[in-house]
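Asks: Relying on the hints, combine the two individually framed chains into one complex.
The lines below spell out each chain.
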Amino acid sequence: MNITKSQYVADITGSGENVSIQATIDGAEMSVPLDPANRHYAEIMRQVAAGELTIADAD
Amino acid sequence: MSKAAELAALIGSGQAQGNKNLIINGAMQVAQRGSSTGHTSGYGGPDRFQFDRSGAAAVTLSQDTSVPSGQGFSNSFKIDVTTADSSLAAGDYALFQHRVEAQNLQHLLYGTSEAKRVTLQFWVKSAKTGVHIVGLNAHDAGYYNNQSYTIASANTWQKVIMTFDGYQSGAINNDNGIGFAINWWLAAGSTYSGGTLSSNTWHNTQANRAVGQVNVMDSTSNEWYITGIQLEIGETATPFEHRSFSDELFRCQRYLYRLEIDSDAVGFINLTGWNTNDAYGPILYPVEMRSAPTLSHGASLSDFLLLSASSNPVPSNIYNNGSSKRAMELGFTSTGNIVAGRSYWARITDATNGFIQWDAEL
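So the protein sequences, as listed, match chains Y and C.
Residues in the first sequence are numbered from 1 upward in steps of one, following the working numbering.
Residues in the second sequence are numbered from 1 upward in steps of one, following the working numbering.
If you're looking for bench data, these hints aren't it; they were derived computationally from the structure.
Even for Gly, the Cβ is constructed at its ideal location relative to N, Cα and C.
Check each hint, because a few of them may be wrong.
[As the list claims (entries may be wrong)] Computed, partial: chain C to chain Y, Cβ under 10 Å:
#: 1; residue: Gly42
#: 2; residue: Asn176
#: 3; residue: Val266
#: 4; residue: Asn270
#: 5; residue: Trp274
#: 6; residue: Asn320
#: 7; residue: Gly336
One chain only, chain C, in its complex shape (with noise of 0.2 Å):
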């Protein structure tokens, strides 16, 4: 085949285009959220994966800068074991994911007979040689598809490429909710592994998911690190595409959107006092978020000020007065210390620990 026509297939197939990596944050570059200790479940460390788990594991997320050499990567996501489950119960479970929006995935057909293939490729790091597995959740079908890799040699780079079949039987919905749900698993009880492995098969059954997998989570000298992800229609695993740094943040921030401030003390809103308690502001966000967001800030509201000509209360409470997928009015209470018709600003004052967030996560 000549190159024009290998080239002309690589296009026809979905390949060999940019926007071609179904994973968001890839190669790890974004962290708004910074590291996360003692964590169990939920988001942390580089943004759109996360770490899940059942039993007695807990681990720092952390973004990194061991990397496999020679490949273009500046970070990769870490998980350091800080206290073990050695002995799982068979419910016991631990678990790397990321989840990408069915609206995003329709082009795969699923639910069809023209479902297409995926390549996953990765680069992966862990303190423990042996089967670790991987799977695809079809989330709107409830249908899995696990495959096994080997790590050969412990704490090294390796990367492992692996083709997943389409899964006809299921559509995924036309949605902004769940379509795949990437695992990695690190350990599996009973529940999970007590069946057989049969590759690249959709399945629902819970025990054949993870068969063979060792236990990562068996030791707090454990650490696994993982880069350079990439997701993609088709047989071959091409070459990971690297997208900027702003590229990269632009999609993270339509799952989470988070301020903070570098050092010095920085307004962020303008607010008018509505009553005595209360002073009212409307915030814009970077991006459409996927849904309206969760909002959340740091630990202390005295990490934050609200200026004003001649007094600057610190609040007692920041919320939610209303809010879509686009814009949020945030309400700032500090009782008794709010002059009505009067124009504040609102600043964070800590960089180390002052943040607030919108969170419209999967």
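Next comes chain Y alone, as it looks inside the complex (with noise of 0.2 Å):
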């Protein structure tokens, strides 16, 4: 997968909690789950553990 962007996004209720990743993956913008049985998910943090890809903070 060719991940060009990633953002944290915080939950609506200001508990400070991140609930998705907003990110363009492929070309197509993404709202990825914090799940790491999700395969978008499980490749964002592996790009991230690899030091290829930074996930910004929340808004």
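Replies: What follows is the structure in structure tokens.
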């Protein structure tokens, strides 16, 4: 997967918890859940661990 | 053996029962994504199957109506080579692949001395004559079992049957990850073909996986079709288990749920304005998905409208504000155009390009 952008999305209630990641994957905008079984999340985390990707903080 | 005894033996073996096919959408009836052009990796065309490659090749994936005659099939999966890779580098490959969820394979008893044989059958039509390779990948163990079949006549439907021994040395984890990957090789550089093919033997040597595989990616004139895929317990290929469209769609929706419209614009979710920028609402999937899914939509957000009593803003973003395997809270942004507390409903307005989908594929 070619991941060119990633940013956490925070819960609307102001709890401070992240609820998903907005990412551009293979040219498409995607909203990725924080579920290790999700293949997009798993690949994002793999690239982060490999130093290939940084996830921006939520706005 | 009497007919009754034969039936009893088949039932005891796990064959001759409904739901015998471990493959979802083996008759290629369901194609929620439609065609995919310029495709190099990932899912496209009929559901639950993907194409992957390394190298220069690109393809179009689509649902087609070419089928073997007299078998009761209406659709096939078509791979049309649109960018050729006629000179394979060592690491180049092309694969057509189906992944089976691990928890659905526990009755194969892998990792034990009782590991069961499975028999794979399919109909294939290839532009290339010669040796083609199919392999099972026991994903958790990292072991492969490969066998060859030979296309005798180009562009002619041919039935293939092969039986694979069970893998006794490594279990399939009882979870929602990948159990099997079934790989139909379409091209293989020397990294995958430079060794020796030991048919129906489990191994972990990359060079032995696709020995002799012809290069289906070598010309833009090449097309490759497949349908009628069935994987079942035992050493016998029993008649293909034809399922209803709705049955297959329901199975597919555990891995992909896609909303489109046929002609008239259709609303799909009720929302409540949270502030001046965002409205939120929950959506339930038709079936529990394999994992919390990834949300995506058509390229243009102008294919969506947020309708209310007095204004109909176009969203600038649609996102996941919390999700599980059963439901997702959707957020719609239209900066400065939302009224807190007002009710909206979201509508897809473009029948050609508009869609929203939830992807939990393996």
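Asks: Would you mind marking each hint as holding or not holding in the structure?
Replies: Verification of the hints:
A hinted interface residue such as glycine 42 (chain C) counts as satisfied when its beta carbon comes closer than 10 Å to some beta carbon of chain Y; here the least separation is about 7 Å, so the hint holds. The interface hint given for asparagine 176 (chain C) is met, as the beta carbon of that residue sits about 6 Å from the closest beta carbon of chain Y, less than 10 Å. The beta carbon of valine 266 (chain C) is not positioned within 10 Å of any beta carbon in chain Y (closest approach about 21 Å), and the interface hint is therefore violated. Of the supplied interface hints, the one on asparagine 270 (chain C) is violated, with its beta-carbon coming no nearer than about 17 Å to a beta-carbon of chain Y, more than 10 Å.
Because the beta carbon of tryptophan 274 (chain C) sits about 6 Å from the nearest beta carbon in chain Y, less than 10 Å, this interface hint is met. The interface hint given for asparagine 320 (chain C) is met, as the beta carbon of that residue sits about 4 Å from the closest beta carbon of chain Y, less than 10 Å. Because the beta carbon of glycine 336 (chain C) sits about 16 Å from the nearest beta carbon in chain Y, more than 10 Å, this interface hint is broken.
The structure does not agree with the numbered hints 3, 4 and 7 stated previously, though it agrees with the rest.
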